[in-house]
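J.: What follows is each chain in one-letter form.
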Amino acid sequence: MAASPFRVTRDPIDAAALLRETVAPSDGAALLFWGVVRNEHGGRAVSHLEYEAYASMAEAKLREIAGEARERWGTGEIAVVHRVGRLEVGEASVAIVVASPHRAEAYEASRYVIEQLKRRVPVWKREGYVDGGAEWVPGFTPAVEEGVR
Amino acid sequence: MPMTVRSLFFATYRDLAGADELLVELPATATVEDLVRELRAARSGLAALPPAPAVAVNLEYAPLSTRLSDGDEVAFIPPVAGG
Numbered sequence: 001m002a003a004s005p006f007r008v009t010r011d012p013i014d015a016a017a018l019l020r021e022t023v024a025p026s027d028g029a030a031l032l033f034w035g036v037v038r039n040e041h042g043g044r045a046v047s048h049l050e051y052e053a054y055a056s057m058a059e060a061k062l063r064e065i066a067g068e069a070r071e072r073w074g075t076g077e078i079a080v081v082h083r084v085g086r087l088e089v090g091e092a093s094v095a096i097v098v099a100s101p102h103r104a105e106a107y108e109a110s111r112y113v114i115e116q117l118k119r120r121v122p123v124w125k126r127e128g129y130v131d132g133g134a135e136w137v138p139g140f141t142p143a144v145e146e147g148v149r
Numbered sequence: 001m002p003m004t005v006r007s008l009f010f011a012t013y014r015d016l017a018g019a020d021e022l023l024v025e026l027p028a029t030a031t032v033e034d035l036v037r038e039l040r041a042a043r044s045g046l047a048a049l050p051p052a053p054a055v056a057v058n059l060e061y062a063p064l065s066t067r068l069s070d071g072d073e074v075a076f077i078p079p080v081a082g083g
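In order, the protein sequence lines correspond to chains A and B. Here the first sequence stands for residues 1 to 149, numbered as in this note's numbering. Here the second sequence stands for residues 1 to 83, numbered as in this note's numbering.
Hints are computed from structural coordinates only; laboratory data are not their basis. Some hints could be false.
What the hints assert, rightly or not - Facing chain B, from chain A, some residues (calculated, C-beta under 10 Å): (1) V46; (2) Y51; (3) V121; (4) K125.
The structure displayed is predicted, hence computed values, not measured ones. Backbone N, C-alpha and C define an ideal beta-carbon position, used for all residues, glycine too.
One chain only, chain A, in its complex shape:
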C-alpha cells in the first residue's frame, strides 16, 4: 500500500521518493518546496530545532489545505511531509511537492500550502541555541472560524 501523501514523521524526508510518488503521467511539472533548519534566528545562533505535532490533526489539516489548493488552481497531486523530533541545521523540516500539468499553477499552489501550513497546522518548534538554552518559537494563533464548516 502506498503511504499517505500527508504525513508527520520522525524519519528524514526522501525528496526523490516523494517526487516519484506524487507525479503522474498527466503532469508536466513538479515543484518541491524544501523547508530547512537555519543556523540563526533573530541574530541568535541556532544549533538545532525540536518539532512536535498533534499528528492526527496535522495530517487532517494538511489534507484539507492541499484539497483547497488543488481545487483553486487545478493542479495534480500534492504531497506534504512534516518532520518531528530533533533536527539539526541543514535538515529538512517540511517538504511540499505539487505536481501539475502546467508550472504556473504549481508555483501558486505551493506558496498557498506553506503559508496555510504556518497558520493552521498544529505543529510547534523549540529552538536550541549554540550558547545554550532553548525557547519555544512564537507562532500564529489559528483563526478558529476558519475550520468550522
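Let chain A serve as the given structure and place chain B on it in line with the hints.
T.: Chain B in isolation, oriented as in the chain A frame:
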C-alpha cells in the same frame, strides 16, 4: 449524567499543565468554555492558560460555545509554528 472528555496539551500549554493529557469530568451540558474554566481553576499551572485559547474538538478547530459529548478529544492549541 456527567461525561468525561480527554484534554490534550501541546508545547507551551503542556508545560503549564505538567501533563500531555488529562481526563476531565463535566456536567452533560458542558461547552468548551466550561472545560476551559474548569481547567484554569483545577490545576495551578493551568491558571495561566488564556481564557479563550484555540481549541480543537475531535481534530477540528471549534469555538468556545461548542457543546461537548462524552468521550470527546479536546486539544488545546498554542500558537502554531510549523514549517
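J.: Which numbered hints are broken by the structure, listed smallest first?
T.: Of the numbered hints, just 1 does not hold.
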